[in-house]
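The chain contents come next:
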Amino acid sequence: MADITRHGTTPRWSDLVMHRGIAYFVEVPEDPQLEPRAQFEQLFRQVDERLALAKSSRKALLQVLIYLPFPEDLTVFNELWDAWIPSGHAPSRACIHTQLAAPGYRAELIITAACDAP
Amino acid sequence: MADITRHGTTPRWSDLVMHRGIAYFVEVPEDPQLEPRAQFEQLFRQVDERLALAKSSRKALLQVLIYLPFPEDLTVFNELWDAWIPSGHAPSRACIHTQLAAPGYRAELIITAACDAP
Amino acid sequence: MADITRHGTTPRWSDLVMHRGIAYFVEVPEDPQLEPRAQFEQLFRQVDERLALAKSSRKALLQVLIYLPFPEDLTVFNELWDAWIPSGHAPSRACIHTQLAAPGYRAELIITAACDAP
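Chains as they are written, first to last, in this note's numbering: chain Z, 901 to 1018; chain A, 901 to 1018; chain U, 901 to 1018.
Keep in mind that the hints are not guaranteed to be accurate.
Cβ pair distances, simulated, as ranges [claimed, not checked]: (1) Z:G988 <-> U:F970: 39 to 49 Å; (2) Z:W984 <-> U:P971: 29 to 39 Å; (3) U:P911 <-> Z:R945: 27 to 37 Å; (4) Z:K955 <-> U:K955: 38 to 48 Å.
Listed next, the stretches of chain U that the computed footprint assigns to chain A, with coverage defined by at least 3 CB atoms under 8 Å from CB atoms of chain A [claimed, not checked]: (5) 943-953; (6) 995-1008.
Listed below are the simulated DSS-like cross-link pairs for lysine-lysine, each with C-alpha atoms no more than 25 Å apart in a straight line [what the hints assert, rightly or not]: (7) A:K959 <-> U:K955; (8) Z:K955 <-> U:K959; (9) Z:K959 <-> A:K959.
It should be emphasised that the hints constitute simulated quantities derived from the structure, not laboratory data.
Virtual Cβ for every residue (Gly too), placed ideally from N, Cα, C.
Construct all of the structure, not just a fragment, from the sequences and the given hints.
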């Protein structure tokens, strides 16, 4: 299993796991005190940083599962999402309204992306 | 990332994403006005069409995550699912009752399948 | 699709699906009558057995999605999880509180792992 690369590894999770050209990561906004729009803007910036670390990009997203605990956030989330996704490169996507284990966060993304990192 | 193929790409999602022999897609029934059984029948036909587009098949399903927002639909969903899955080729499967971001739909499937398409 | 290996295949699901060095499996505790801590201990033993069958290990977990239907179980789940994860090898992880289709179970894990099995 020498071909697994991990970043930001804690006893509970890794911020990024890469294996044979696929990056796996889960993202929540760093600051759950922000209002929803600001949390989502922060979240997409974090995803960009994580993709850069993986030598990947927004154009290489394969599948994104979206957990949005507050249904009233869907419109603003989608507005920011649509602007963030590069034209012609949208991933497979599913979105549910479910309670997150971590309180306060307005969104959690489970991301699978192609990457060039080893 | 020249090795990613997308079909049915909108500003928000792609209907099908393929990368190195794996097909990623999310499916909901086309017509949320149908009663549950008819939605599920339609859903499985759509999955068959998507698998054909990916040069894959029901026998190549690797993992299916099932979102069923209405617990009372589980029995009829399973009846149709069991008939649809080819004997000896069932995927890894998980099923939860959760609220979908898209109202009216009685099921959403998150599918990972092996495929022969590039 | 000759390169897919399935174990524990029923008409509804397979206990383990492997394809090109990736193992996909979903795990719930065998005995939903046990109290939560005992269910989680049993669950991690089952995952160890499944990983062994796949010629994989705890060190090769790539992504784990955790469904915990009872929020009050999170503390004990995390205590056992943290002890079970090998230092420096934590996977990408997401955890939600959602209703499982199968009643009584206190946890369901959706696991993607690197494996040496064909």
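Q. So which of the earlier hints does this model not fit?
A. Checked against the structure, the hints that fail are numbers 3, 4, 5 and 9, while the rest are satisfied.
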